[in-house]
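Chains as they are written, first to last, in our numbering: chain Z, 1 to 263; chain W, 264 to 563.
No wet-lab data here; the hints were simulated from the structure.
Quantities reported herein were computed from a predicted structural model and do not represent experimental measurements.
Any given hint could turn out to be false.
[Unchecked claim] Distance condition first, Cα-Cα at most 25 Å in a straight line; then the derived SDA-like pairs of lysine to any residue: (1) K554/W / E513/W; (2) K41/Z / K317/W; (3) K30/Z / K317/W; (4) K258/Z / R316/W; (5) K537/W / T75/Z; (6) K278/W / D355/W; (7) K199/Z / E466/W; (8) K233/Z / L313/W; (9) K41/Z / Q292/W; (10) K233/Z / K278/W; (11) K199/Z / T181/Z; (12) K349/W / K30/Z; (13) K100/Z / D251/Z; (14) K41/Z / K537/W; (15) K537/W / P320/W; (16) K11/Z / D85/Z; (17) K317/W / D173/Z; (18) K349/W / M234/Z; (19) K233/Z / P320/W; (20) K347/W / H238/Z.
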Amino acid sequence: MIQLSAKILEKEEVACDHYRLALDAPLISKDAHPGQFVHVKITSQYMPLLRRPFSIHRINSSGIEILFRVVGTGTRLLAEKRVGDELDIIGPLGHGFMAKEDTFTAILVAGGVGVAPLFALAERLRQFTEVKMLIGSKTKTGIICLEKLEALGIGVQVATDDGSLGIKGIATDLLEDFLVTAASPQLPIYGCGPMPMLKVLSEIAQLYSSPCQISLEANMACGVGACLGCVVKMVDHHSPSHFEYKRVCVDGPVFDAKEILWR
Amino acid sequence: MEPNLSVNIGKLRLKNPVLVASGCFGYGQEYAELIDLSMLGGIILKGITLKERKGNPPPRIVETSSGMLNAIGLQNMGLSRFLKEKLPLLSDIPTTIIANICGETPEEYATIARELSNKEGIDALEINVSCPNVSHGGMLFGQDMMLTFEVVNQVRKATTLPLIVKLSPNVTDIVPIAQAAVDGGADAISLINTLLGMALDIESRKPCLSNITGGLSGPAIKPVALRMVRDVCKFVTVPVIGQGGIMTWEDSLEFLLVGATAVCIGTANFVNPKAGVEIIEGIRDYMKQRKMVKMGEIRM
């Protein structure tokens, strides 16, 4: 973990309101793992005051990339940055995906911009196993990274709510279809996306006895485990009430789906 | 001549006047990779209660104009696990360590204080009578003169550690409360804790925090904090630790000018983990430029 000033090396509008920034941060990328995040100070002003966490989208020798959707004041300001601007970032932070080097096909399930951390994971996993990526979004303009994933030799299937690309349905429909016909059982599943999707994902994983790791998102203040602002409710077998609050920033953001207490 | 930044808080000597605030710095180790902890004047630990507290359900934080609201609800592992799991790590941190304690009754405060006394790694106690996010204890004590006196007095009888009492701004007049803390045996007063506030999401038509209300911190509250610190400094005879919205060394100087002996950095740590260290450097440079050699010369 290090705090540094990183120059924006590349900026790309990958889709409407979706941006990719490449950051010059070799000191962060050398220790970074898929599923980890960076905590970004977007302005030196007091509005917005807090840093914003972004999952690491790609890891290479010169630095890291982040991929984000404009959802509020912070991301809007970030989208206005230019190549050459500097960003104060802290990273790599949190616990990423545990990418086991086994021979099973890995299934990565992304909802919308949830594809961001799964891309880094796909790049890592494809070195030793077959990777299958299932992406869902409301409509075709929200399906991002499709060509890049295919260029990596990753099999991608797409679902859209309106049927404008791929099947008409949601990402977890693709997952069920895939698991029903899969030759081997208990394929490892990795997911990132909106909470309702992740909840269904976790249920399907349990049904098929698949190990399932999911990346969660939360509002954060410190990003390093100090403030306890970003907690999620998790199973605690030792506690009389059977639950505890765990920090997304340091205990996650990637958790075993079985440990999460869904609302 | 190099200025001497050390200050005394009762019998507690700080190497410099910049502390990091309870709840904003964990148990110190969380920031060890990002800054040199030995640079800080001291670290005030996350609040400790007698029993484990799970804290409030999420969402617990929300950003507001130049500030943030939090309703963590004093999540902590409780005294016994603290002693086992965290205390042994504290003696390795080469700066002053102050434990923040919170109870539901005056007796509970005293019990925690007794258990933390004569323990290597704890140099002083901060009595939290100002947490706005718990249903029992906390701010309820700090909003009442008699109860403040009672809590501090019981803790005073339980320990010889230097006692700092952290006050809530959510009162009509903070001065009599500060005096009650001094009468109870406080060696120093720290203020302000967060201001009670709330925020709503107009899309969901619901409060942003699950607890509905939370404590406001950040640069938005600095003018309020400064006014209250000045009021208390004018009245009480013990040292005052000023806090509330300090982001820069300039901010901290305003608190020192109105009479605070030391300052405490809270929300700024989240925004910039180096804030405390940078503020110490800023104070040092300010003194050098004005040929000041000791901290007492800053006060206006």
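Check your understanding: Hint by hint, which ones does this structure get wrong, listed from lowest number up?
Key -> Going through the list in order, the structure violates hints 2, 3, 10, 12, 15 and 17 and respects the others.
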